[in-house]
Amino acid sequence: MRRAVFYVVLGLAAVAFLYPFLWMAATTFKSPAEVGGLSLLADQPTLENYRLMWARAPFGRALINSLFVATTITLSVLVFGSAAAYALARLEFPGRGTLNTVTVAVLLVPAQLTLIPTYTLIVELGWIDSYAALIAPYVFNAMAILILRQFFLQVPRSLMDSARLDGMGELRILFTVFWPLAKAPLATVAILTFMGAWNEVLWPLLVVRDEQLMTLPQLLTVFSLGGGAGPRQLAPKLAAAMVLVVPVVVAYTFLQRYFIESMASTGIKG
Amino acid sequence: MRAEARSGLLMSAPYTAFLLLFALFPIGFSVVLVLLKWDLVTAPSFAGLDNVQHLVADARFWQAIVNTFVFLAIHLPLQVIVALALAWSLNRPLILRSFWRAAFFLPVVISGAAVTILWSALYATDVGLINGVLARLDLGPVPWLTDPAIAMPAIAVMATWKNVGFYVVIYLAGLQSVPRSCHEAIELEGATGWQSFRYVTLPLLKPQTLLVVTLSTINGFQLFIEPYVLTGGGPLRRTLSVVLYMYRNAFSYQKMGYAATLGLALALVIAVVLVVQRRVIGSAEEA
Amino acid sequence: MADVSFERVRKDFGTTTVVQDFDLHVADGELVVLVGGSGCGKSTILRMLAGLESVTSGTVRIGEREVTHLPPRERDVAMVFQDYALYPHLTARENISLGLRLRKVPKAEIGRRVRWAAEILELEPFLDRKPKQMSGGQRQRIAMGRAMVREPAVFLFDEPLSNLDAALRGQMRHEIAQMQRRVGTTTLYVTHDQMEAMTLGDRLVVLDDGRILQVGRPIDVYRAPVTLFVAGFIGTPPMNFLDGRLERERDRFVFVSDALRVLVPAKRSLDSAVESREVVTLGVRPEHLALAGVPGPLTLRGQLVLAEVLGATTHLHVEASGRRVVAAVPSGPVPVPGAAVALSVDPRQVHLFAADGSSLLLDSHNL
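Protein chains in written order, with my numbering: chain A, 175 to 444; chain B, 434 to 720; chain C, 459 to 825.
This is chain A alone, in the form it adopts within the complex (with noise of 0.2 Å):
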């Protein structure tokens, strides 16, 4: 019986985080009289919506902007963030200590600090409305580079002592040796900067004016800021919406325990 009223609450809670996504792309198939009701099915489904959103706005190029943007981003950080990663971890070289204390240091700080002076830097160096205004400040991650660390520090010592026996160079152990036991945390990294650098919208907002250039995030809210909030207007934006969330859905539909792990685990840690 007590059992009961626990699958009634959870079931009530589920129904309060997954409801308004269904409502939300039933709403985008609805013609503007339609718009607002409470039920999930159209009387006359229509795909007006979508293409009044496609026409007005260039969401294609954005997806694409974005899918570029994150994917180097975290390509970047996967590769060069090991490499910073395993020197701070495994090399003994001089300023190691400063470094790993900025590193941590800067996780202190908060973003809306830098964000004006890295914004005047970027303008000076002419890089507005250019992917490098989007990518460059992102290259490196401190936290990443963090988690990294923490994992390399725990690979036995003598692995690396037979590699560099074999006579291996150091780039060569981090690849060949490392990155195979290091499967964990490079996934945790890899979703935690791809889904941050695709969420991201305070910074283009800054540095991208040019819409081919917006990623999507970006775009869909200059795209809603338009027009009112009646309901000729609220379908397309939804439809928009639509585009920057289904594929995180059916990404995380299959993947939620990653998605999960990798995001929590930053926390239960710290």
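Fair warning: there could be bad hints in the mix.
[To be verified] Here are a few chain B residues that face chain C, going by a calculated C-beta distance under 7 Å:
| hint | residue |
| --- | --- |
| 1 | 567 |
| 2 | 570 |
| 3 | 571 |
| 4 | 614 |
| 5 | 615 |
| 6 | 620 |
| 7 | 622 |
| 8 | 623 |
| 9 | 626 |
| 10 | 629 |
| 11 | 633 |
| 12 | 636 |
For the record, the hints were derived by calculation from the structure and aren't laboratory data.
Note that the Cβ used here is the ideal one computed from N, Cα and C, for glycine as well.
Please arrange chains B and C on chain A, whose structure you already have, making use of the hints.
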């Protein structure tokens, strides 16, 4: 070791360069910017402490701070209570356990922009879902985003919906680390379910609670996309956030010096609030 | 203070029956030890008494009350867990008194009881420390103190010493025994360690696979085990077993194996074993084997593998017709490993078990 030192320096050099350019320089330069007046087009001019004086007297800045505290006053308790309640419900043998957990966590992975637009539709006064449901119950439509007193609380509820799943997972991990025998022991000692929760479970969850409160507070001070899309900072500037104001100063008004001052002030406010919170909730090591 | 009784108690987990037909009466003030290998159901029985496991069928009584379906809070039992179950965020003193505070016992009374437990268990030096600042033995004593101050009707101990090292275990065994005698509360104690069982209990209950094999005073169970399992489980070093057959010579019975021939006490029940020519097992404890100067009748012939000198006693490990036999003899001159040895068997001290494990010389209705 010289070869090792060389490799070390080489492998970490790109990172060092990055830190210098995108971390250390901006932090240092932000202090410099505070003392400047600059629109990025003409040359910067020295302004001394003008920016700081302006900030202290700026009603909009203080309104934004007050708005953030209004947000936190609703968001923080909601976050802790809902996350704890859901985690506690999940901490037992259940069917479809991973389904429930995935459902609560879904909004966490969705982009803030998409969530904000979704909620602009949910909160819409005439065609929104929430008012639609209320209408079915014969309750009047609520002007969620257009009433100055309701707008920020509405944003606080939305933020809870978006983030609580993350904290459910955190609390769940904490609950599972409490040894079962502790609960059995206190049950034998005569405790009711509530007493067991209050005297054993809750104190042992202090580190998690501190984490929830800290991260949610930082999140609250960083609000941007929500007021930007939903209300533009209104109505009557009651949802204006510091970051939104800072963005406007940089992007629209082109006042780099003042924008940087706002950023610095925000960092200081966050630091103070976090220190106070840590004192109040107690050090995590006590648990 | 109360007696405890289990009547036809049974516990099923799904389709598996973990405890069968368990009947036991524990007298007021008695310390009864439930002993057996892992998985024999002893912890489950304890937890059913505590209310932490449900009872599938049967009745459990504490004193006059039937408690079979009562929640743990209302049963007036206190338990010492294997991992002590101390509350990590509270000091020792707070750990001990939390239960009393929850029940709104007056402060003065709480203070008195805590002092009383602290005195008996010597807890004063670390009453204000937290569990992670204490050693295993100290934590154990705090767990005991917590149980004591409740002044419950029954104490339950669930393998409390398994997490301690050997030396500490010996010391804590004595402390637990002393405490129980002093306080006089009815106690059920679960362990897999037969030494704890032998030294602590007023009575032992030997369990295997959810069933009671034997109940009795330690010395009685030791001297007269009614099944092969009990005989082999109780006693260190364990009883030696040899397989063979029973033959009848006129009105005498003889156990025959290739290493040994020995007369066994005559009993009518042996007739069927002789007739069926089944394999029977002879059991003899190490202390009932002695070095024989000359091999003759009643001696076990074999080869010495190892002699362990333990001090006053030496354990001789002898290989006889493929079996390893251990004899516990007073230390003295011993043969070298590899030499042929003869061990004499005291025929009044042999045990005999049928193919199904039941004793052929004892009625299982004893004890």
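Against the structure, test the hints numbered earlier, and report the numbers of the ones violated in rising order. 1, 2, 3, 9, 10
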